[in-house]
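Undergrad: Fit chain V to the known structure of chain P by using the hints.
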Amino acid sequence: MKFRFLILLAVFILIGCSKNNDEKILNVYNYGDYVDEKILKMFTNETGIKINYDTFATSEDAYTKIKNGGTNYDVVIISDYMIERMIKENLLEPLDFSLIENYQFIHSRFKNLSFDPENKFSVSYMWGSVGILYNKTMVDNVHSWKILWDEKYKNQIFMYDSQRDSIGVALKKLGYSLNTRDIKELYEAKNELVKQKKIVQAYVGDAVKDKMIGNEGTLAISYSGDALFCQSENSDLDYVIPIEGSNLWFDCAVILKTSCHKSFANLFINFLCQPQIALMNTQYIGYSTVNSEALKKLPDEIKNNKIYWPSDEEFSRCEIFHDLGEFIRQYDIIWTEILAED
Amino acid sequence: MKKVFLYSYILWMIIFIVIPIILVGYFAFTQSENGVVFFTLENFRRVFEFVYIKVLLRSINLALICTLICFLIGYPVAYIMADKNFHFSSTLLFLFLVPMWMNMLLRTYAWLTILEKNGIINSCLALLGFSKINLLYTNQTIVLGMVYNFLPFMILPIHTSLKKINYSAIEAAQDLGADSFTTFRKIIFPLSLPAVCSGITMVFMPAVTTFIVPNLLGGGKFMLIGNLIEQQFLRIADWHFGCAVSLILMAVIFFAAIIFSFVDTDDEGGNLF
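Sequence order for the protein chains is P and V.
Every letter in the first sequence is one number past the one before it in our numbering, and letter 205, counting from 1, is 205.
Every letter in the second sequence is one number past the one before it in our numbering, and letter 71, counting from 1, is 413.
Same shape as in the complex, but just chain V:
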């Protein structure tokens, strides 16, 4: 019986993970002309042209900023929620999770109505006699949208790991004369580090590949790598180049995940590697 489950899972993986990746590789390393398919590295050479590198670097840059902000906001929130004396922790957690029940597209659309020229913020400003300001369609708006969408992926793992910390370790530190900052620096933070690493990976990955956020909140003005891939498939039907860009992006994420996992030594699940 066990075997049946195992085999069907393996089959599932082959059909939906292995074969698609092989297909992506096949398209990336080939080019077709007049129906004749031939092997080439041209697609990869093209990825390393200045303009595409610029797009890739901008995506990585924005994703890193987003990850950093998520960490700076997420860690204190997770810390407060994990505090035993904090009574609203489950309410707060609930509030962070509720928006995730909604489709990401809708959540991002909602920001449009808030930030638009005739949106909520600008209408309030106008009511108070201030002049309207341009809030939409900048790099900052893109980061805002990413942080909003991906923040829970940072908070949840950190929150879980902080909750699991054995309180006697903290008491021991206090008994030995550590002040609260030293306790945090030497005990709490190191124990939560693996979760921080999975949080970083889980925020960075969707942030670097997103194309909905820059489309809606960036007004399509700043091309990110996700938009570039979308464009190759939907707009000009160049699957070969699109696949090559996708493979490079996968490599970037893979290396990022490896770097993050160096610190990540917890083997109790919740991690990627």
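One chain only, chain P, in its complex shape:
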């Protein structure tokens, strides 16, 4: 009895590619609440391929699960620096662009990006910047990261509870690269953040949206997509990419090497690039689209909003995260030291 149970369990764990190959199934892995789920149904209706949809909270979390094996995901939507690492570690399958003819609709800004220079493994999905979300009634003339160190705004500042984003702000303020591997620069950034901690109200994640909408703070670090949402709820809010430059991020669709349904996966990515689908997605999620046809179809007040579509000059001011490899531990140590401070 016990024995049979164990065998069954072993079978469950060992199920591989071979058996299910001809079944019309696609396993998709994505950030939480990061697709209009109607789109998944439309794909199934159109192609007869059933989608198993699964979500994760952070790309590190997803990476570890994929890397340690035991998952059967085909398409993953994940962030730039993580794609760089996955290419390096040979976890990704080159895409079959003969199946992704809608790739032509992807705006040229979002092709051949530095994490996938030949654009062999990824197709951009959504993108945005990191900047300062501020309340126009409480502060004006926000243009530099330095304002986040101004004692005048004591207890009115929200930082982001993510290591690379918050340390990145300090690095940019000091004029360094977001991807620095120089321990001296990193410790300078740490000192800045320790100094700043006294005037920071809190280090928050998604909660920053509620806080800023509810006028709980004056200044906050925010992703452009979230800033747009906040602005639509509270028109006193505005957003700026500081002059020192900032981070640009891209989430892209990739196919895993271990995928059992590669042609379906390519079809699905092609489907996501259809202008109509991309339009539905950007309107549901609220983040900026990478699809030039979808952009044209958006209402004027969205596509002319600088938060949604920053100028080329602002775009070129920014940097993309690179995978730091083992060096990321130094960032972690520094972040822990900052938060362990009294």
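Any given hint could be a false lead.
Unchecked claim - Quick list of in silico lysine-lysine cross-link-like pairs, DSSO-like style, CA-CA up to 30 Å:
| id | chain 1 | residue 1 | chain 2 | residue 2 |
| --- | --- | --- | --- | --- |
| 1 | V | Lys459 | P | Lys146 |
| 2 | P | Lys67 | P | Lys50 |
| 3 | V | Lys474 | P | Lys195 |
| 4 | P | Lys50 | P | Lys65 |
| 5 | V | Lys459 | P | Lys190 |
| 6 | V | Lys459 | P | Lys154 |
| 7 | V | Lys396 | P | Lys195 |
| 8 | P | Lys257 | P | Lys111 |
| 9 | V | Lys474 | P | Lys154 |
| 10 | V | Lys474 | P | Lys209 |
| 11 | P | Lys65 | P | Lys209 |
| 12 | V | Lys474 | P | Lys198 |
| 13 | V | Lys459 | P | Lys195 |
| 14 | P | Lys152 | V | Lys474 |
| 15 | P | Lys154 | P | Lys190 |
| 16 | V | Lys396 | P | Lys154 |
| 17 | P | Lys209 | P | Lys154 |
| 18 | P | Lys198 | V | Lys396 |
| 19 | V | Lys396 | P | Lys190 |
| 20 | P | Lys184 | V | Lys396 |
| 21 | P | Lys306 | P | Lys136 |
| 22 | P | Lys306 | P | Lys146 |
| 23 | P | Lys136 | V | Lys474 |
| 24 | P | Lys154 | P | Lys306 |
| 25 | P | Lys209 | P | Lys197 |
| 26 | P | Lys209 | V | Lys459 |
| 27 | P | Lys197 | V | Lys396 |
| 28 | P | Lys152 | V | Lys459 |
| 29 | P | Lys136 | V | Lys459 |
| 30 | V | Lys474 | P | Lys146 |
| 31 | V | Lys459 | P | Lys198 |
| 32 | P | Lys197 | V | Lys474 |
| 33 | P | Lys197 | V | Lys459 |
Derived from the structure by calculation, the hints contain no laboratory data.
TA: Just chain V now, kept in the frame of chain P:
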């Protein structure tokens, strides 16, 4: 038939308790570089670096304060509720239990709306003409959140044990001339001591490991050991160090439980050891 139940339970324990702990140990004692896994004590050496010890001590400190406050509030409440002449005891007990039907995350979130700058308390203060005060994102707010969430774990065991005390023991003490304080000190409190110990253990354990409360009510400004572990798994994917920290935390809780159980000699259940 009995055997089937026993075996399936053992199997359940192996799959969901023993194997995971072995895995935690495996990760804690290893490190991997370029796909090669090797044995090392480096993770444990790192746990004892100054900054992590600071985080651990802060967690233990806050958890102890929380446990003490829970005891100081919980014991009198449990005592009053156990009184035979107190008619509202079941209502009171019910009121303590109702919030527990709700998800802990929601309950903690509710405190945000109470304590925020534009929250209930500050709005009332502003209405009365006082200036707003900063209530959120301090160590005290973290303790408040912990006490609020874990207080029932203190009250329930004490309440149960006080209710079980044989009333004739108290009458005997009174017959022999003990005043009410002496009766409490010599009869009631010693009889409830085992329950106090399980209460302390049951409050201390979740308090020292919590990461939701410091995240929400501490504004992520004060890292506790639970946050450190979360960070290792979710943010930088360093399972090896995360597991080492988890094992140390388990050791801390284990020793705390042993210390508490020294006093704990009641063998009628409700205890951990």
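Undergrad: Output the indices of the hints that this structure fails to meet, ascending.
TA: Checked against the structure, no hint fails, so every one of them is satisfied.
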